[in-house]
Amino acid sequence: MKVLVPVKRVLDYNIKARPKADGSSVELSGLKMSMNPFDEIALEAAIRLKEAGQAAEVLAVSCGTQASQETLRTALALGADRALLVESTIDLQPLAVAKLLHAVALRESPGLVLCGKQAIDDDANQTGQMLAALLGWAQATFASRLELKDSGEAWVTREIDGGLETLAVRLPAVITADLRLNEPRFATLPNIMKAKKKPLETLTPEMLQVEVQPRLTLLRVSEPPERAGGIKVADVAELVDRLKHQSKVL
Amino acid sequence: MTLLVVAEHDHQTFKPSLLQVLTAAQAIGGDIHVLVAGNGVEAVARAVSALPGVAVVKLAQGSHLEEGNAENLAALVKMLAPGYTHVLAAASASGKNWMPRLAALLDVALIADIVRVESADTFTRPIYAGSVWATYRSTEAIKLITVRSTAFDALSAGEGQAPLEPVEAGKDENLSRRVSLALTASTRPELESARVVVSGGRGLGSAERFHALLEPLADKLNAALGASRAAVDLGYVSNDYQVGQTGKVVAPELYIAVGISGAIQHLAGMKSSRVIVAINKDPDAPIFAVADYGLVGDLNELVPALTAALPAA
Ligand SMILES: Cc1cc2nc3c(=O)[nH]c(=O)nc-3n(C[C@H](O)[C@H](O)[C@H](O)COP(=O)(O)OP(=O)(O)OC[C@H]3O[C@@H](n4cnc5c(N)ncnc54)[C@H](O)[C@@H]3O)c2cc1C
Ligand SMILES: Nc1ncnc2c1ncn2[C@@H]1O[C@H](COP(=O)(O)O)[C@@H](O)[C@H]1O
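First to last, the protein sequences are chains A and B. Position one of the first sequence corresponds to residue 37 (the numbering used here), numbered consecutively onward. Position one of the second sequence corresponds to residue 79 (the numbering used here), numbered consecutively onward.
Chain A on its own, in the form it takes in the complex:
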């Protein structure tokens, strides 16, 4: 079975994003970019399936500018066998990405797609679910445990609002990874070197015949309302007094 892992290049999670001065978009120039942390987890899950003999090939796919090659090289260094870039300079919104991944899935016929649950830049949490719909496949989102059964089902434990739900989904399916699915490995130097020789193919939305123009118009980005700074209190007595008499919350 082939496992397809969509990986997105995003602003590193340690960096606080800011709007550009003209409010047209988020300032990214010169800032550290990394693989979306949820995609590292999804990729780790795919590599473990391969190591366990349950997957034959791991294909990493990224949609975005040429710079996403870097993210794909990271995926190859971590253990993906092959990488595919769908290159576009357009702002790709989740529905467009899902359509591109759909087209890729039709070419590659994976038995499983393992996505991140959300990209930490747009915080959309949509693409995997959209892809599952386009393929007519089952979906299991927010996975914290994954087990492939001989019956051709995947058993997936999902982190939901009240606790945990375990679903049995028919394969092929789309599964989206939550934080506790695993702890991703780090790429070793020899593997980083080896990754340079692994195949990285580039396609375009035109080649896949997918329309990727944004459906939503971004009017502006802005700073969120800021909190007024607070104070340090001397002790518990002062805290309780202020909670009672100043903010009247007790």
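Each hint should be verified, as a subset may be incorrect.
[What the hints assert, rightly or not] Below, simulated EDC-like cross-link-like pairs (lysine to aspartate or glutamate); rule was C-alpha separation at most 16 Å, straight line: (1) A:K268 <-> B:D362; (2) A:K38 <-> A:D117; (3) A:K268 <-> B:D376.
[Claimed, not checked] To give a feel for the contact side, a few chain B residues facing chain A, derived at Cβ under 10 Å: (4) I189; (5) Y206; (6) T262; (7) T265; (8) V274; (9) G325; (10) D360; (11) P361.
No lab work stands behind these hints: they were computed from the structure. Quick reminder that beta carbons are idealized off the backbone N, C-alpha and C, glycines included.
Since the structure of chain A is already known, use the hints to place chain B with the ligands on it.
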């Protein structure tokens, strides 16, 4: 304009977030229909029909809708959606699960997790862990929206008498089935709607201390318990306690962060709280930048002292 709001419920009653989603729907304007989908959920539908401002309650029932399965719910709403200008649901684990699937089935964009209605076609949502807000206009014929419920006031009380209209329940897509469900049993208020939240982080040091120190404090305040990702990863509490960018977003009257450093991913889930208290031994911890009241010191002494200083619940 006619809007469809999809109600989340636990088979007995609707989730409190419905009242906030309805406020967002009213801000958009137009007639509001509410869909109650499930199995044996007439009581939920009756309760919804008594809410003010609801014009019609659509009731879809079938055993395949019992578990809130995303494939089946998306397929059901796809049948109903063409009659509406907007479809809304809470940006909960459930809404985030089925609504994007619906969006792709309808070939329309989804605006997720809105915090503001600017107009009937323009909405604002946080991106980058809430560090930035983005305002989008949608020209889609059907606007699909999930609502960050804590960003909207609950619908004020009032009485409605909306008629109940049964609708076709659709068929079972048969793509997945539930094997088991393990819900956390708690007698505390629900995290997302509690008036007070007491949250703990890695600074608590162990599951035992997390509970020994924070439960009595939460008892006194009739508070819900929350946690940072580190506390969940370390197994102090289960996943449904996590507050943050990728966990729950809360905005209580009072949020008390104990032994939490205040990473942006955590702040994303709590910085809209009305009053924030932070207890941390590191005076430079970023949590103090958002805290109204910061208490610097060892939580092992400060938390019991605070608990003792509060009046009995
Ligand atoms: C993709 C991604 C998503 C994430 N999503 C979330 C999320 O949704 N929610 C979330 O919370 N995090 C999230 N994180 C993790 C986040 O970046 C931080 O790692 C996490 O919030 C840290 O948790 P913490 O504050 O409990 O631990 P730490 O950062 O280790 O802080 C512990 C604090 O306790 C204090 N302390 C220690 N001992 C004592 C004592 N005796 N008395 C008083 N104070 C003490 C320390 O001074 C310190 O400030 C995410 C990270 C990533 C990469
Ligand atoms: N441009 C992209 N390229 C590859 N994968 C993506 C892209 N955007 C989103 N994804 C995948 O979809 C997941 C959810 O993203 P989102 O819906 O944008 O929050 C991510 O974790 C990735 O696995």
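Next on the checklist: I'd like to know which numbered hints this structure contradicts. Please list them from smallest to largest.
Outcome noted: 7, 10
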